[in-house]
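Asker: Spelled out, the chains give:
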Amino acid sequence: MASSRSGGGPSMRVLEMEKMSLEQLKAVKEQADLEVNLLQDSLNNVRSATSRLELASSALQDLSLRPQGKKMLVPLTASLYVPGRLDDADKVLVDVGTGYFIEKTMAEGKDYCERKINLLRSNFDQLVEVASKKKSVADEAGVILQAKLKQVAPSP
Amino acid sequence: MSADIQKQLQTLSDDYQKLQGDLQTNVQSRQKLEAQQQENLGVQREFNTLPDTSDPSGTGQIYKLVGPVLLKQDKNEAMLAVTGRLDYIANEIKRIEEKIEGIQEESEKRKMEIYQIQSQAQAAGAEDQAQAA
Numbered sequence: 001m002a003s004s005r006s007g008g009g010p011s012m013r014v015l016e017m018e019k020m021s022l023e024q025l026k027a028v029k030e031q032a033d034l035e036v037n038l039l040q041d042s043l044n045n046v047r048s049a050t051s052r053l054e055l056a057s058s059a060l061q062d063l064s065l066r067p068q069g070k071k072m073l074v075p076l077t078a079s080l081y082v083p084g085r086l087d088d089a090d091k092v093l094v095d096v097g098t099g100y101f102i103e104k105t106m107a108e109g110k111d112y113c114e115r116k117i118n119l120l121r122s123n124f125d126q127l128v129e130v131a132s133k134k135k136s137v138a139d140e141a142g143v144i145l146q147a148k149l150k151q152v153a154p155s156p
Numbered sequence: 001m002s003a004d005i006q007k008q009l010q011t012l013s014d015d016y017q018k019l020q021g022d023l024q025t026n027v028q029s030r031q032k033l034e035a036q037q038q039e040n041l042g043v044q045r046e047f048n049t050l051p052d053t054s055d056p057s058g059t060g061q062i063y064k065l066v067g068p069v070l071l072k073q074d075k076n077e078a079m080l081a082v083t084g085r086l087d088y089i090a091n092e093i094k095r096i097e098e099k100i101e102g103i104q105e106e107s108e109k110r111k112m113e114i115y116q117i118q119s120q121a122q123a124a125g126a127e128d129q130a131q132a133a
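Chains A and B, in that order, give the protein sequences.
For the first sequence, the UniProt record's numbering begins at 1 and goes up steadily by one.
For the second sequence, the UniProt record's numbering begins at 1 and goes up steadily by one.
Hints should not be assumed to be uniformly reliable.
What the hints assert, rightly or not - Here are the computed lysine-lysine pairs in the PhoX-like style, where the Cα-Cα straight-line distance is at most 25 Å:
id : chain 1 : residue 1 : chain 2 : residue 2
1  : A       : K91       : B       : K109
2  : A       : K91       : B       : K64
3  : B       : K64       : A       : K134
4  : A       : K29       : A       : K110
5  : A       : K29       : B       : K64
6  : A       : K26       : B       : K64
7  : B       : K75       : A       : K29
8  : A       : K19       : A       : K135
These aren't lab readings, by the way, just hints derived from the structure by calculation.
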């Protein structure tokens with residue numbers, strides 16, 4: 001059916017949608033809405049991942065400022081802390097995913113966080129672009145669908 | 001519409017529904033595989049940035065989480081494991097994609113059959129009405 005959706009600008013798409021039957025248009029609108037929701041979910045996921053990394057980055061920054069042997073309270077659970085002493089703030093263990101950890105220096109660890117954050121930012125920007133395009137398709141389909149429904153309705 | 005055609009339609013639409021369900025589960029598992037692929041690619045990229053010789057004194061030591069403990073692991077071994085996993089995932093994705101294509105073809109066929117039977121039934125119904133009039 002309407003598989004040639006990629007070619008042409010928005011006006012082409014509108015023309016194509018004007019030609020569709022009500023059922024087809026409804027299907028297109030539903031599909032577009034579904035995709036918009038999916039993209040919105042991914043955007044939220046990317047956002048939360050970014051904020052987690054930012055938290056890790058600031059924790060590293062904080063840690064790097066403490067001298068060796070600094071006394072601190074270490075959380076065992078959310079409400080139980082035990083006293084401890086900072087041993088070596090220059091070596092950190094980074095969780096790179098799928099169960100693998102890499103020992104890095106403080107500088108490398110910070111660099112890792114920065115790189116990941118930048119990667120996620122660029123992904124985020126790309127996703128925003130795709131999502132806004134999809135949203136405009138969904139909106140166009142909605143407008144045309146409304147117009148068609150109006151044409152059909154006032155003739156009882 | 002005769003009971004015979006109605007029954008036929010019913011089985012066809014049941015088939016169609018089932019195919020749609022299959023499609024959904026397969027699409028979901030492909031999405032999951034893709035997420036795993038991305039994660040493994042990230043790990044691989046990270047391994048590639050490590051210095052080639054893992055000097056025993058310094059950083060760049062790889063650990064693997066096995067249950068609750070971290071085990072030291074050789075870099076080559078870890079890289080091999082990750083490439084193996086990536087190969088496996090790529091194969092799985094290919095397999096599932098073929099499956100999805102097959103299901104889509106099948107469900108398109110069912111849809112056409114349903115359309116055909118419906119339009120035939122409509123034509124027959126119109127004829128009956130014309131005769132009755």
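Asker: Is the Cα-Cα distance between K29 (chain A) and K110 (chain A) 25 Å or less?
Answerer: violated, 45 Å
Asker: Below or equal to 25 Å on CA atoms is what counts here, so check K64 (chain B) against K134 (chain A).
Answerer: violated, 41 Å
Asker: K91 (chain A) and K64 (chain B): Cα distance at most 25 Å?
Answerer: holds, 17 Å
Asker: Taking only the CA atoms, is the gap from K26 (chain A) to K64 (chain B) under or equal to 25 Å?
Answerer: violated, 50 Å
Asker: Under the criterion that the straight-line Cα-Cα distance not exceed 25 Å, is the pair K75 (chain B), K29 (chain A) satisfied?
Answerer: violated, 50 Å
Asker: Is K91 (chain A) within 25 Å of K109 (chain B), Cα to Cα?
Answerer: It is violated: about 61 Å lies between the C-alpha atoms, which goes past 25 Å.
Asker: Does K64 (chain B) sit within 25 Å of K29 (chain A), going by the straight-line distance between their CA atoms?
Answerer: With a Cα-Cα distance of about 47 Å, the restraint between K29 (chain A) and K64 (chain B) is violated, given a limit of 25 Å.
Asker: Checking one constraint from the list: CA of K19 (chain A) to CA of K135 (chain A), max 25 Å. Satisfied?
Answerer: holds, 21 Å
Comparing the model with each earlier hint shows violations of hints 1, 3, 4, 5, 6 and 7; every other hint is respected.
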